[in-house]
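Line order of the protein sequences matches chains B and C.
Read left to right, the first sequence gives residues 1 to 276 (UniProt numbering).
Read left to right, the second sequence gives residues 1 to 294 (UniProt numbering).
Treat the hints as calculated values from the structure; they're not laboratory data.
Just to be clear, a hint being listed does not mean it is correct.
Unchecked claim - With a Cα cut of at most 30 angstroms, we get these calculated DSS-like pairs of lysine-lysine:
(1) C:K99 <-> C:K202
(2) C:K99 <-> B:K11
(3) B:K264 <-> B:K101
(4) C:K105 <-> B:K11
The lines below spell out each chain.
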Amino acid sequence: MRDSTASYRVKRGLGIAMMLAFLLFALLPVIWVIILALRPAQQLFEPIWRSPLALTLDNIYSITRSDFPKALVNSFITAGCSTALALILGVPGAFSLSKRKAANKFLASWLLLLLRMAPPVGFVIPLFLIYIKTGMIDTYAGLIFAYTSLTLPFVVWSMWSSFNQIPDELVEAGLMDGASMWNVLLKVAIPAARPGLVAAAVLSFLLAWNDFFFALIITRADTMTAPVAVMNFVSYASVDWGAIAVASIALTLPVVPIIIIANKYIVQSLGGAVKG
Amino acid sequence: MTPARASASMNRGYRAMMLPASIAVGIFAIAPLAGMFALSLTNYNLIRGWSGEIGIANFLRLLDDHRFIASVYIMAALSGFGVLAQVVLGTAVAVGLDKIVSRWKAARGIFVIPFAVPHVAVALIWLSLFTPTLSPINAFFDMFGITVPAMLTTQSGAIAAIVIADTWATYPFVMLIVLAALQGISPDLDEAAALDGASRVKTFFLITLPLLYPTLLMVALFRFIETLKHFPLIFVMTNGGPGRATQATNYYAYVQTFQNSNVGYGASIAVVLFVFAAIVSFYIARFNARYSNA
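Using the sequences plus the hints, can you model the full thing?
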């Protein structure tokens, strides 16, 4: 092989060194935030290498006594309910878009993408005014409805692509046997598209879980979600870096396993959605 | 049943299935957007209230609002540099994982971790890294007598800081997509090129990269449209500052609406952003329809 020369080995070494550098870039901020979470307040502003063993669980302890755990629960409730709502409403619609012969599919795909991509500031201005009028500011329902404007277009878009991968014949065979369309959806199409359904559910949950903007505008103390509650540790007088680090980790932990497991569906949810 | 009647009843069934989603999209998404358009034609103010319809006056005012014009330039800088950095870095890592260290299966999972960090946490982590008194980066260079500049205190520094944080958090997304595309390219092509005596680098630029173009264009458009929405990074890291140096258009709409109470004017900025997003979405949807039918 021509590849076994010395110059090849040098090039390969350079390539590996480059990959290690990229890996460090990806990992060091994560390691840093873990260190920050474990630093006692007195040692916070001195270099880690001067007192590497000064570690404490105080930050974790103080977070558990703050309002932050309640905000995490709020995040779970609102992201979970909005995902459930989006699945119930969106899955039949996605099935219809995928299997129905006539329909302006291009227009539908553009609209769904646009709703997914539009800047949230546009949605939130009228919502804010309506919520103030109707007393829905700082309610679970208000936040869940707002999140559904994000999760529903996403669920329809990604389930559309999942249903496209089920052969039409499978659906037609079900209908020929006299099953109703809803039964075909429940008994044939959804089981066949289960991996896609799970992916749509977790990614839609993440969409709501990650939100900062909607919650910032339409929640107050009662339904404040975790991403907004973290900002309580940033005050004009002082910034509680230890608490911020712990809270950031708490915010991220539920997402890490999901992202690692679902990473192949991230690819799917981007491309290849619309196929005749 | 005759086929025609069967298909008519099927059509009814499919339409019934579309109904809940259509109504919900109408209520949750289209109605607020219609509200945004309606508000953009008024000068509604949270404190002063209504003072009548003013037509397109808000949009005319935008044309010589220097803060708006500046916000567009800032948005262009954040999106332009951000997308460029994410696509280049994401592609480099994907190519590295595919060709150089294909045995590092676990590395792929590690590279994806930053993508899992919620945006507010991304912003806070990088804020801590850009805070000179706290940052280990500054402490490290201090040992050699080098003072790292406080990036968040200058305009170009603050924009670079946001671009770096955004790139850290989202290049894994580009990497995943490009990696999937790379694995769809037949290894025969590489081997044929090698037999012809082409170097690996040459093979990459002449064979692999052209095959990646559709994927790269698609992923760049996706990232571009997402970077238009920067909010948590700006809100947390710079608060739009120093001065107004990082007030990108989306953030400016927020400032006008919720800090200055100019709801109508804020809505008109949101409309401009929305129309822009609609154009980009149109190209993505058209591209997607073509690409997936091929």
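To see whether the hints hold, each was checked on the structure:
no.	hint	verdict
1	C:K99 <-> C:K202	holds (14 angstroms)
2	C:K99 <-> B:K11	holds (12 angstroms)
3	B:K264 <-> B:K101	holds (29 angstroms)
4	C:K105 <-> B:K11	holds (21 angstroms)
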